[in-house]
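Engineer: Sequence:
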Amino acid sequence: MRQQDAHLMWRESIGVLFDTRLRGPSDEPFFASVDAALIGGVGVARTRSSGQDFDRSRYKIARDGMDGYLVQFYLNGQSGSRGGSDSIARPGDLYVIDMAQPLATSTIDHEHLSLVIPRQMLAPRLKRPDDNHELVLPASMPLVSLLRDTLGSLHKQLDHISVGDAEAVLSPLLDLAGAAINSQTSEGNAASVGHALSIAVRRYITDHLLEPDLTVERVMGAFGLSRRTVYRLLELVGGFSVFLAQQRLRRAFINLRAPEYRHVAIADLASAHGFTNAANFSRAFRREFGMSPRELRHLSAHHPTLLKSAPGLSATDWSQWIGLIGR
1006 MRQQDAHLMW RESIGVLFDT RLRGPSDEPF FASVDAALIG GVGVARTRSS
1056 GQDFDRSRYK IARDGMDGYL VQFYLNGQSG SRGGSDSIAR PGDLYVIDMA
1106 QPLATSTIDH EHLSLVIPRQ MLAPRLKRPD DNHELVLPAS MPLVSLLRDT
1156 LGSLHKQLDH ISVGDAEAVL SPLLDLAGAA INSQTSEGNA ASVGHALSIA
1206 VRRYITDHLL EPDLTVERVM GAFGLSRRTV YRLLELVGGF SVFLAQQRLR
1256 RAFINLRAPE YRHVAIADLA SAHGFTNAAN FSRAFRREFG MSPRELRHLS
1306 AHHPTLLKSA PGLSATDWSQ WIGLIGR
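Heads up: the sequence shown begins at 1006 in the numbering used here, then just goes up one per residue.
Hints were generated in silico from the structure; no laboratory data involved. Just so you know, these numbers come straight off a predicted model, no measurement behind them. Ideal placement from N, C-alpha and C gives every residue a C-beta, glycine not left out. Treat each hint with caution, since some may be false.
[Claimed, not checked] Have a look at the derived ranges for each label pair, beta carbon to beta carbon: (1) Pro1034 with Arg1237: 54 to 64 angstroms; (2) Leu1163 with Glu1222: 43 to 53 angstroms; (3) Met1014 with Gly1244: 45 to 55 angstroms; (4) Arg1292 with Arg1223: 25 to 35 angstroms.
Full structure from sequences and hints, please.
Structural biologist: What follows is the structure, encoded as structure tokens:
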């Protein structure tokens, strides 16, 4: 196969996650391979590829609707940010990408192990679920080393392990991933209790997100907490009002892309998501996502994604089922 054709095929496959550009001249030898499996809704992959740029723009995020985390270990090569961050992921480091946030990175020739995890499966295990984008944790950290070894062992067994056994180890693997990501800070037991309570409060808010009577007072009553304690528990996510508005905007983002909501006026959708003023909703939406609700709806209508239900997909069509993760 010609180098140009090989790269075009790669771009079409990896395009479910990233837009790519080669780092070197187009006539240089190009290689790429992916060995992947889907376990209980989580993608596990080993990837080898020539050096290139990887991008996820706000418009790509709007079009594909993927909402999850990419957790990676580079076995060789490295990845560095082109977006103003000085983060560089080197061999053995834990590298986290939030698929709902823009990305611009450059790699040299590389090989890495990856987990592609839906947000709803990992976020409840994280202290700060929205603050881990382009996080790099050094290879020498004990939990990072343990997660790397565990993921490597699982990948080596994929051709031999049963589906049931693979799914049985998934929850402990995600627990370990959460512990490794959280290990960037060291806190005592009291803080751990506070962390668990903070997660419970956030989950309560997301479970009752669109109910008009969802107030600080209601959260206080549901958990028997003081107003001050509620504010303290939500301090890392911006406080009650900021967290509530952000989560409602994210729910609106999902619904604006959904065909069943396409006939709903944006003002009515804004009201249903807790925004009584459509203009304020549009301004807040643009601040959060870099585009207006109308622009997102237009993008979604003219760039339809894969169906959520795709019976008959071959296990070798990794780019198709990876593209369904987190939707």
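Engineer: Check the structure against each numbered hint from earlier and tell me which ones fail, lowest number first.
Structural biologist: Nothing - there is no hint that the structure violates, so all of them hold.
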